[in-house]
Amino acid sequence: MSQFSLSTRTLPPTHVIDLAGFLDAHTAPQLEGAFKGLIDEGVYRIIVNFRDLSYISSAGLGVFMAFIEEVRTHNGDIKLVGMSPKIYNVFDLLGFPMLYEIYDDEEQAHRKFTEAVG
Amino acid sequence: MAQSGDPSLRFREEVPSTTGELHRLRGVVEREAVRVGFDPETAFRMSLAVDEACSNIIRHSYRNNPAEQFTVEISVDDDLFIVHLIDHGASYDPSGAGAFDRQAYLNAMRPGGLGLHIIRMVMDDISYETIGEHNHLRLVKRVPGGSL
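Protein sequence lines, in the order shown, are assigned to chains A and B.
Position 74 of the first sequence, counting from 1, maps to 74 under my numbering, and the rest follow consecutively.
Take any residue in the second sequence, count from 1 to its spot, add 118: that is its number in my numbering.
Honestly, I wouldn't trust all of these hints.
[What the hints assert, rightly or not] Derived contacts from chain B toward chain A, CB cut-off under 8 Å, selection only:
1. V133
2. P134
3. G138
4. L140
5. H141
6. L166
7. D169
8. E170
9. S173
10. H206
11. L232
12. I236
[What the hints assert, rightly or not] Residues on chain A that point at chain B, a partial pick, calculated with CB under 10 Å:
13. Q3
14. L6
15. T10
16. L11
17. D24
18. A25
19. I56
20. G62
21. M65
It is worth saying that the hints were derived from the structure and are not from the lab.
A virtual CB, placed ideally from N, CA and C, is assigned to each residue, including glycine.
All chains should be built: construct the whole structure from the sequences, respecting the hints.
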């Protein structure tokens, strides 16, 4: 059984990472690789869609922490959308909503990026 | 059924030290927690705490060596749900770690160190001791509604 999958797509001026399944210490390296790939290409406006993600542990949260500084240094951001209450509670447990912009849906996050680009 | 003062073992397994086992272990913890009366949300959080503890053993005690194994035991003693993890890797006493400073952590924006904080927030009691070559980590959560 596949525990986790991700895919990336463009939604100009952003890139979207869609997550599905279980994001833990076993699967977090895949997300890390996806972020590295985008940043290596100079992509700094990133939306992560959690709609189909059913689990996250600190290993998954750590991936977002690892890249947020570099992305913001380049005037970009990582915006998070579509979290189930279960996933949001884990973020909230650690105070992450203070650090990340979290939206109900992709359109809201995309609009924020579009406004920022002007 | 568990008897008063008589620990009742519900699960025991030697687990390979690989992160590929985490998904299955979470399922075991969640299932057993619900069986003894925890609500699904609390059971989910308990499975997260055990995931974090096992991840620490795999990464820090065994340094990601998949040839190693650790023991997972789940028992219920009176009104206490106990997850007992035993390994023989490098010891690390979580009770000796400093208190988690969330604001300082967020300001620093650095990964790592979150797992222990999650364990502390979810479980009622954590104990750690090294006996001989083995490290024993016990994660305890009080079962709602008292004795089973």
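Which of the numbered hints are not met once you compare them with the structure shown?
1, 2, 10, 14, 15, 16
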